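Engineer: Put chain C on the given structure of chain S with help from the hints.
Okay, here's what each chain looks like letter by letter:
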Amino acid sequence: MRVAIIGGGFCGMLAAYLLEQKGIKATVFERENTLGGHCQTYVSKNFRVELGTAFFLNDHIEELLTELDVAYTERHSYRDFVDKNHARVSLLPKCDIPNLIAELTRLETLLSRYSDQSDQTTYGHVHEELNVSTSEFLAQHDFRAIGQAIKPHLSAYGFGSIHKIQAYYAFNALDVPTINLFVRGDKLLFINEGTANIIAKLSRHISDIRHAEVTHITPHGSGVQIAHHYGTDTFDKVLISTGLPHTAIGDAECSDFMRRVTTNEYTSCAFEIGNKNRVTTYYLDNLGQLNKLQFFHAYRQKDRTIAVAYAYGLLNKNLANSIQREMLESGLTVKHIIAAKQWHIFPHMRAEDLGPTVYTNLQKNRGSKHIHLIGSLVAKPSISHLYLSVKRFIQEVF
Amino acid sequence: MNSELKLRVIKEALTLGVSATCRKYKISRTLFYRWLKRYQQSGLKGLEPVRKPFRPHNKTEQGIVDKLFVLIKKHPRIGPRELKYHLEGHGHYISESAVYNILMRHGLTRKNDRVRYARGIYPQIGVEAPDFDQSKSGACWLLWATSYGSFAGTGTIYEFTIFDYKSKVACSRVYSTFSPGHFTSLLTAVAIPIAQCLDFDAKYFFFMDTLGLQDKDYPALASQVQDALHHSGLSVAMHRQKKQTPMPQLEAVREAYTATMSAALLPHLLAGHSLLEVRLALQQFLRHYNFNHTLDYEHRSCPPLEYLTSTTGILPVLPIWAYMDRQY
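Protein chains in written order, with the numbering used here: chain S, 443 to 840; chain C, 19 to 346.
Pulled out of the complex, with its shape left as it was, chain S reads as follows:
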């Protein structure tokens, strides 16, 4: 059997790796010159910059890291929150903390009513009551403290504004255990040599990686034909792990799905800063707003401090300058910019496109289909969820 995988990000590479382990020949198509998707590490002497994914929540993924012999460290990461005058504030007033604890217990029971599926890593049935904006859902059920507590993390996940993103997506990514993990300030998992190291290790086990942009995927007899700029090739199955133009897919169901999927524009800029002990800082007043600095992730490496700042919007000189200006205003000494990158993050559907069975339909008769969607298109956007969902998919379909 020959399988093509579109997209050489974490999920695509992982799928190819798992297939090769099973003795199935996998071919990865990646449009960019570099592999890795959101796992992008820029290396200089004495330091590394993570431009995309910076850390993992440490469940399940350790298994893969050990298997690939990727060195990692678990450590606490500290967070600051600043208001519109850049004064340090608490995320929640002290008096609201007992409310938060009570609300989280209430939320857990409430959410368990909506979950129907055994597979907790892939999107499933979308309950109508969850297809409303997160802030509306929270207001309906009188969750005040939770909204405050999750706002910064929603933004950091690339979900945008709490007033826009549907509760369905918000609570799939930030389920109660994950909220608890952030609130308790638990340890997070960092890859010593950078997340790109995982991709490099995966690629060593994959025999066929091609850098070409796929233009058409058409069912062809008992297989699928893939056309790219330089030729065509036929495969038995195709796994799509990245967004493609819906016109490029010759399968009605997948094409229709792809037509509805939208992403958020997200920009990250890495700076070297002069401050020694600044920690990851969230700008509470900007959260979810376009072209405004959301937060920066700061860390020290060998006597140098790196701050990677994130904002919604398209990368251009104005945005990079306004990020830098806001960082200066909040007391940072920005030495220079190291890199900036544009992302299209978090594939999701708008409320009008998100029908109750959009995701469950895809899972029907999986065995007989030739074109499949995998990774963040259909699964919760955290590395450990993606890992489990891809692993489970390969086990079930192949």
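No lab work stands behind these hints, which were simulated from the structure alone.
Source: prediction; values computed, not measured.
Do not rely on the hints blindly, as some may be mistaken.
What the hints assert, rightly or not - In silico PhoX-like links for lysine-lysine, alpha-carbon gap of 25 Å or less:
id: 1; chain 1: S; residue 1: K744; chain 2: C; residue 2: K129
id: 2; chain 1: C; residue 1: K91; chain 2: S; residue 2: K744
id: 3; chain 1: C; residue 1: K129; chain 2: S; residue 2: K718
id: 4; chain 1: C; residue 1: K221; chain 2: S; residue 2: K744
id: 5; chain 1: S; residue 1: K487; chain 2: S; residue 2: K744
As the list claims (entries may be wrong) - These stretches of chain C come out as covered by chain S in the derived footprint (C-beta under 8 Å, 3 or more residues):
id: 6; region: 59–71
id: 7; region: 119–125
id: 8; region: 207–213
Glycine is no exception: its CB is placed at the ideal position from the N, C-alpha and C atoms.
Structural biologist: Chain C in isolation, oriented as in the chain S frame:
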């Protein structure tokens, strides 16, 4: 009586009654309360026989030791014999083995360690201990561990504490083993983030000699702690209380804190609660201690965080977890 037996008497007395227990073991109530006080202040170590500080009559003078460190900074690559000759050049006559022993005590027997020391990388040695009373809030931290012995239900209990000398803001954790790693955990999980929230500028760490930390264990502990600090952008000089050197001013602070804490913990230990429950009780105690427990300062009496706000004007902005129970 050895310390284990004394602890057994204390446990028995506190659960079954003091007078009866004293009669049973044929000791006076005065003696019993003396033991209890020492246990509450210093844990199991407080029950050990008190030894007089011993100073060998042939101990190398501090002046010569200081001179030796200056020489090592200048010539990190030479060994004890050459160092001895250099010292003779300065008019100090000590033997090669005396030089070696001094190097040994400071973890400098290997050339690489001396080179690191000369380049200003840890271990930092010979830095004068600061004047604790003149220090600012958040500058001088005391670190210690106390052994409480073994309890049915809870098991063996060690308490690890990091304590700011000036403001008396403290954090503690209890573990069932003694390992330098627990200091690092306490530091990275609690002390560093809280210090960062309180705008503390940590300058000195002082490891108190409570557990009889072995000489050979100290370098590992020091470098682990330094790595954790370095990662947070902190540069801190570390001191270690020398064996049998009393530091009454620091010990009084430690004893007062430990006595308050053990009064809160002992009921849980005696009732046979699990380690989990003891940890939660300790967290509740710490919140009470830092936020509401009135302590005496030079000119006022107030809780530690209030003292901090009134002297520095900093309103503490603490993370959510500082107000809730969390397991570790």
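Engineer: Verify the coverage statement for the region 119–125 of chain C against chain S, using a C-beta to C-beta distance below 8 Å and requiring 3 or more qualifying residues.
Structural biologist: violated (count 0)
Engineer: Go check the region 207–213 of chain C versus chain S for me, would you? Three or more residues, Cβ under 8 Å, otherwise it fails.
Structural biologist: Answer holds; 3 residues pass the 8 Å Cβ test.
Engineer: Check whether the Cα positions of K221 of chain C and K744 of chain S lie no farther apart than 25 Å.
Structural biologist: Distance of about 20 Å is within 25 Å: holds.
Engineer: Are there at least three residues in the region 59–71 of chain C whose beta carbon sits under 8 Å from a beta carbon of chain S?
Structural biologist: Since 0 is below three, the answer is violated.
Engineer: Compare the distance between the alpha carbons of K744 of chain S and K129 of chain C with 25 Å, and conclude whether the hinted pair is satisfied.
Structural biologist: holds (23 Å)
Engineer: Are K91 of chain C and K744 of chain S close enough, with their CA atoms no more than 25 Å apart?
Structural biologist: Given pair K91 of chain C, K744 of chain S holds - Cα atoms ~23 Å apart, limit 25 Å.
Engineer: For the pair supplied as a hint, K129 of chain C and K718 of chain S, is the alpha-carbon distance within the 25 Å limit?
Structural biologist: violated (31 Å)
Engineer: Would the hint linking K487 of chain S and K744 of chain S be met if the CA-CA limit is 25 Å?
Structural biologist: Distance ~10 Å between K487 of chain S and K744 of chain S Cα, so the pair holds.
Consistency with the previously given hints fails for numbers 3, 6, 7, ordered from lowest to highest.
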